[in-house]
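S.K.: The chain contents come next:
Protein chains: 2
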Amino acid sequence: MNDNDIGILKGIANQLRIHSIEATTAAGSGHPTSCCSAADLVSALFFGHMRYDPKNPHFYNNDRFILSKGHAAPLLYAAWAEAGLFPTSDLLKLRQLGSDLEGHPTPRLPFADVATGSLGQGLGVGVGMALCARLDKLDYRTYVLLGDGECAEGAVWEAASLAGTYKLNNLIAIIDVNRLGQSQATAFGHHVEVYQERFKAFGWRTEEIDGHDLEEIDEVLAAVGLGDQPLVIIARTLKGAGVSFIQDKDGWHGKPLSQEEAVRAIAELQPGARSAAGVPIPAPTALPAPNNQAPASYPPISYKLGDAIATREAFGAALVRVGEADPRVVALDGDTKNSTYSDKFMKKFPERFTECFIAEQNMVGVATGFGTRGKVPFTSTFATFYSRAFDQIRVAGISMANLKLVGSHVGVSIGEDGPSQMGLEDISMMRSVAGSVVLYPADAVATEKMVEFMAANRGIFFLRTSRPKTPVIYNNDETFPLGSAKVVRQSATDRITVIGAGVTLYEALKAADALKAEGINITVIDAYCIKPLGKDVIRAAAQKTNNTVITVEDHYLEGGLGDAVAGELSVDGIRVHKMAVTELPHSGKPDELLAKYGINSDAIIRKVKAVIG
Amino acid sequence: MNDNDIGILKGIANQLRIHSIEATTAAGSGHPTSCCSAADLVSALFFGHMRYDPKNPHFYNNDRFILSKGHAAPLLYAAWAEAGLFPTSDLLKLRQLGSDLEGHPTPRLPFADVATGSLGQGLGVGVGMALCARLDKLDYRTYVLLGDGECAEGAVWEAASLAGTYKLNNLIAIIDVNRLGQSQATAFGHHVEVYQERFKAFGWRTEEIDGHDLEEIDEVLAAVGLGDQPLVIIARTLKGAGVSFIQDKDGWHGKPLSQEEAVRAIAELQPGARSAAGVPIPAPTALPAPNNQAPASYPPISYKLGDAIATREAFGAALVRVGEADPRVVALDGDTKNSTYSDKFMKKFPERFTECFIAEQNMVGVATGFGTRGKVPFTSTFATFYSRAFDQIRVAGISMANLKLVGSHVGVSIGEDGPSQMGLEDISMMRSVAGSVVLYPADAVATEKMVEFMAANRGIFFLRTSRPKTPVIYNNDETFPLGSAKVVRQSATDRITVIGAGVTLYEALKAADALKAEGINITVIDAYCIKPLGKDVIRAAAQKTNNTVITVEDHYLEGGLGDAVAGELSVDGIRVHKMAVTELPHSGKPDELLAKYGINSDAIIRKVKAVIG
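Protein sequences, first through last, are from chains Y and W. Under the numbering used here, read the first sequence as residues 190 to 802, first letter to last. Under the numbering used here, read the second sequence as residues 190 to 802, first letter to last.
Just so you know, these hints were derived from the structure itself, not from any lab. A portion of the hints provided could be inaccurate.
Claimed, not checked - Below, a list of computed lysine-lysine pairs in the DSBU-like style, where the Cα atoms sit at most 30 angstroms apart: (1) 705/W x 536/Y; (2) 778/Y x 438/W; (3) 724/W x 778/W; (4) 733/Y x 724/W; (5) 733/W x 724/Y; (6) 733/W x 438/Y; (7) 438/Y x 356/W; (8) 733/Y x 778/Y; (9) 778/Y x 282/W; (10) 724/Y x 724/W; (11) 326/Y x 658/Y; (12) 705/W x 796/W; (13) 733/W x 778/W; (14) 724/Y x 796/W; (15) 326/Y x 536/Y; (16) 733/W x 705/W; (17) 778/W x 438/Y; (18) 785/W x 282/Y; (19) 493/Y x 389/Y; (20) 658/Y x 282/W; (21) 282/Y x 658/W; (22) 438/W x 356/Y; (23) 444/Y x 724/W; (24) 699/W x 493/W; (25) 444/Y x 785/W.
Stated by the list, open to error - Incomplete in silico selection of chain Y near chain W, CB under 10 angstroms: (26) 217; (27) 293; (28) 523; (29) 524; (30) 527; (31) 581; (32) 609; (33) 617; (34) 702; (35) 705; (36) 708; (37) 774; (38) 787.
Just so we're clear, the structure is a prediction, and the values are computed from it rather than from any experiment. Don't be surprised by glycine CBs; every beta carbon is placed ideally from N, CA and C.
Work out the full structure, taking the sequences as your base and the hints as a guide.
M.R.: What follows is the structure in structure tokens.
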């Protein structure tokens, strides 16, 4: 790039600063100083180096940009406005209810693949995109802009490690080292060598630059893609750069300038500022689009009634069957693939499987990244370990991501490994995620059908699988609609309705048999879909049994099946007696634990008798 | 140490291997190979270098040991049995329901300060203990044994960074680099230099050793405490070491030996094995016990009714007031102290405040560590960011930890920052934690009283604080018992009961005033304690209003206040109409958002009228 070009980029950078200040001052809130430090970097990226079609942010071979330091949203918005996607006058609507230019970016905006704002999450998503580029034989690069304080987040290092291990030389991280965090200076200030040594140790190529020297920025960006390592550009910057009275001063994080301050700041920036109108943006390469065509159907299943198959094992088989038909399916696991059975998919489709090692937060981020590129990602680990990734899952909800989270080893029924490995809070956690679907198949047929449905339908799905073997109880042509439930046992003289799922469905059926022998009939429902709950089916059954139901779940008392049923149906006068694990469990044999924690068939029988009186 | 001593340690190591194999074979499950790789390290620590009283595991100046790779539990149990705490014959009860020697260690055992088994969490707890030693002017060292695969967890690097930053030279990490994970080899195999470079970059002194050479182990352990950095001992080991047919072979993770295999293995180990009986264990230093005396009372508060104070600000004041009287109180924050107001405590008691930077998982781990040492740790950050630390919080439940988690910026009422910053799932998350208490004060008085209660009572507490200012409505002598609720508005002609908390309590009171003017009276309840729920108070009120209540919360629909009330009271025929945030929120002014998401006074008025018909 020649001096004239450098001058243009410098001018655009100052224009981006002006936009950021004007917008946050108009909004009365926001993070202008965090925008100012990164403005030169963003200018060089958006108007000199990234190859993209500004009118078509979703184009499949655009270079990708993730603003991991999501509070610098005004800067991102300014860049896309200057690139011509929408009028710059819209920028003044920042943070207004009627504008999609929110406080932190969300995919309501076409240029934000994922929501950011919870720090440390962007790099993992970038790893997913970079891996996907490789899978799809595309040459887009993925740029992730992080803050320095943000690098305290462990999620950053999980992502860094995986990127280094998989030699993702199409991934570029840029660290805006402006030395000032929210409430004080960061731990390392401007000691950029600390970041350099860390990323180097994690397998990255590193470049250190003055983040306000556009020649240096241009030079390093021109050399991306060299070698076989991911690249990190560590940019020494000043928070509030360009405005003398706020530059590099603590106490300005998240503070908009007053009207008067804004006038003074813009007076400083204006002389060197210019719009990006007319500046050519490099186009993306023309490469064939990846095959992300959903199949017309999936191959059939053929299970035999009565065969004993753990739902975790059926998941492994389903993933292969569905993956074979559906080129969009990819799988990820966190060193549990021999327990979750995702190893079956890995053996058949190694290029579509990503071993994420023992790093669940990152696994979810990487999967989210794949999902933004049109893939259908299935992640698997123990259900309880998704609690490690709850923030990533929560934000995936805001990102309206396409994610299929499969959690095995649910409940006390895992047995001797004990509570640290048991999923006892996962239904609760996943119910609270925006837009999620929570599925809990009882047998292999249900599992297979749900995996199919998950692949075929966009959204965040959570599938609970169990460790013990359970008999096949459904025919191969059974369907499992969302928002429904299955009445698996019913007669005209039922005294009460018992609702179970997974292992407790079998306990409920055992109880039903024993009670029947005593002349007490009960309705038994399989609540295979906990969210959206099959409330019409449940209500109808309950209304035939004195408006009373018993729920029984291999999960804690709070937030799971019982709360879901009571939460939705108390308004109809349905009384919900909740059976669940009500104390911290202990190691022991599965059957012992189901008994001790009061969720086995004997406990159900006692409860039925106690309730019907 | 001389050759004889080394020989003794080698013999004990083999005895520990024998115990691990016998126990897991008897149990039919467990991780013997993971125990074998670390046996020499554990032998040297427990019988040569750690200074502790084996009959008194809780002694305040014992060196601490955390088995972060918790699946090697049998090895830990064997060490303490050999140290004389309980008979070695007990070891064969591993994983049985009637024995506290569970699949992974829990503090039911006096020598396990925290539960481990969810990998990557031990080092953060160790950081907390090491910081506490410094605060208490004690010289105990904290040893944390990690696996190599475990080092993929970001939580390890959060802890490593903080330890390096605070130069915790009383913290020693030991990495058992046995190269084999659960489902495959780790990313780096036996390339110990990878771990060395990483820890070095994070500010640690590093030593690389042969993890089966007891001379080398002895040498590095003799030199702990040198310099001003934390020490990591990177030990190259073999999984299954000592047993020729399983040593360094993939496919043996988490597999017990069969009876026949165990016989063969023990035949290999027996000749070199010896018990630790009679081997002297270094005693801890005699230093004065720290002052962990709970105060008799706390100083009084003096707020004026009607004053507008945000509960987050009242928290800041309460922490200082309570901290002044209570020497056990320590505070931690994740670079949000100017927003959470924990900075007030920091300024008064800097030696009792730990800035954890933007690393919430680690903040919770560090706090847990402080709690094990008799401190009362208060953590603060935005409520939603605790989702980043949910696994650590979940495990703290298993650890029966003493933790006070304060989450600010709850709900849509934070306004323009948008959904990534809003706590909308935190009540749900915290309700599901074993043994937790969930508190939601409406005003400054309630906040202060709750902070006092939290400090005075052991357990895991979560306190929700809000961003907007709200008027003081309670007198300074008001009390807020657990498991209760406050009826703040009631008359003999109430048509329905409306239950709110935090900002929605004020919306409910506003609605009550407006409805009263129209001749419709309602009961209003402040559900300041969501878990344990004030169900008796709520039931009693509901029974006077046609068994019908409306709940309204600044939180999602799932798992929060509404589900808590319905979940507990549907059995009494109470109908619960839930008002909550039912869609992904957008940025906007607080009042706009309360209106848009249907939880303000206008919405409550409409709902009341719709329900009473």
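S.K.: Hint by hint, say whether it matches the structure.
M.R.: Comparing the hints with the structure gives:
Note on residue 705/W and residue 536/Y: the hinted pairing is violated, with a Cα-Cα distance of about 69 angstroms set against a maximum of 30 angstroms. For the suggested pair residue 778/Y and residue 438/W, the alpha carbons sit about 28 angstroms apart, so the restraint of at most 30 angstroms is met. For a cut-off of 30 angstroms, the pair hint linking residue 724/W to residue 778/W is broken: about 34 angstroms separates their Cα positions. For the suggested pair residue 733/Y and residue 724/W, the alpha carbons sit about 28 angstroms apart, so the restraint of at most 30 angstroms is met.
With a C-alpha separation of about 28 angstroms, the suggested pair residue 733/W and residue 724/Y falls inside the 30 angstroms cut-off, and the hint holds. Taken as a hint, the residue 733/W and residue 438/Y pair is broken in the structure, with Cα atoms around 59 angstroms apart against an allowance of 30 angstroms. Between the alpha carbons of residue 438/Y and residue 356/W the distance comes to roughly 27 angstroms, so the proposed pair stays at or under 30 angstroms and holds. About 37 angstroms separates the Cα atoms of residue 733/Y and residue 778/Y, which puts this hinted pair outside 30 angstroms; it is violated.
For a cut-off of 30 angstroms, the pair hint linking residue 778/Y to residue 282/W stands: about 12 angstroms separates their Cα positions. For the hint pairing residue 724/Y with residue 724/W, the CA-to-CA distance comes to about 25 angstroms; that is within 30 angstroms, so the pair holds. The suggested pairing of residue 326/Y with residue 658/Y is violated, with an alpha-carbon distance near 41 angstroms, which exceeds 30 angstroms. For the hint pairing residue 705/W with residue 796/W, the CA-to-CA distance comes to about 15 angstroms; that is within 30 angstroms, so the pair holds.
For the given pair, residue 733/W sits about 37 angstroms from residue 778/W by alpha-carbon distance, which is inconsistent with the 30 angstroms threshold. Using a Cα cut-off of 30 angstroms, the hinted pair residue 724/Y and residue 796/W holds, with the two alpha carbons roughly 22 angstroms apart. Straight-line distance between C-alpha atoms of residue 326/Y and residue 536/Y comes to about 21 angstroms, which keeps the hinted pair within the 30 angstroms bound. The hinted pair formed by residue 733/W and residue 705/W meets the criterion: a straight-line CA distance of about 17 angstroms does not exceed 30 angstroms.
Note on residue 778/W and residue 438/Y: the hinted pairing holds, with a Cα-Cα distance of about 28 angstroms set against a maximum of 30 angstroms. This hinted pair checks out: residue 785/W and residue 282/Y have alpha carbons roughly 18 angstroms apart, not beyond 30 angstroms. At most 30 angstroms may separate the alpha-carbon atoms for a hinted pair to count; residue 493/Y and residue 389/Y exceed this at roughly 54 angstroms. For the suggested pair residue 658/Y and residue 282/W, the alpha carbons sit about 26 angstroms apart, so the restraint of at most 30 angstroms is met.
Restraint check for residue 282/Y and residue 658/W: the C-alpha separation of about 26 angstroms stays at or below 30 angstroms, so the hint holds. Proximity of residue 438/W to residue 356/Y is assessed by CA-CA distance (about 27 angstroms); at most 30 angstroms being required, the pair is judged to hold. Distance check on the hinted pair: residue 444/Y and residue 724/W sit about 43 angstroms apart at the alpha-carbon level, beyond 30 angstroms; violated. Restraint check for residue 699/W and residue 493/W: satisfied, since their Cα atoms lie roughly 20 angstroms apart, inside the 30 angstroms limit.
For the hint linking residue 444/Y to residue 785/W, the alpha-carbon distance of about 26 angstroms falls within 30 angstroms, and the restraint holds. Given the 10 angstroms rule on beta carbons, the hint for residue 217/Y holds: about 8 angstroms separates it from the nearest Cβ of chain W. Annotation: residue 293/Y was flagged as interfacial toward chain W, and the flag holds, the nearest CB pair being 5 angstroms apart, inside 10 angstroms. A hinted interface residue such as residue 523/Y counts as satisfied when its beta carbon comes closer than 10 angstroms to some beta carbon of chain W; here the least separation is about 8 angstroms, so the hint holds.
The beta carbon of residue 524/Y is positioned within 10 angstroms of a beta carbon in chain W (closest approach about 5 angstroms), and the interface hint is therefore held. For residue 527/Y, the suggested interface contact is upheld, since its CB lies about 4 angstroms from the closest CB of chain W, less than 10 angstroms. Hint status for residue 581/Y: holds, given a least beta-carbon distance of 8 angstroms to chain W, under 10 angstroms. With a cut of 10 angstroms, the hint placing residue 609/Y at the interface with chain W holds, because the nearest CB-to-CB distance is about 3 angstroms.
Nearest Cβ of chain W to the Cβ of residue 617/Y: about 4 angstroms, under the 10 angstroms cut. The hint holds. Checking residue 702/Y against chain W by beta carbon gives a least distance of about 26 angstroms; that is not within 10 angstroms, so the hint is violated. Look at residue 705/Y: its Cβ only gets to about 25 angstroms from chain W, farther than 10 angstroms, so that hint breaks. About 25 angstroms separates the beta-carbon of residue 708/Y from the nearest beta-carbon of chain W, more than 10 angstroms, and the hint is not met.
Restraint check, residue 774/Y versus chain W: the minimum CB separation of about 9 angstroms is within 10 angstroms; hint holds. Checking residue 787/Y against chain W: minimum C-beta separation of about 14 angstroms lies over 10 angstroms; hint violated.
The structure fails hints 1, 3, 6, 8, 11, 13, 19, 23, 34, 35, 36 and 38 (numbered hints given earlier, in ascending order).
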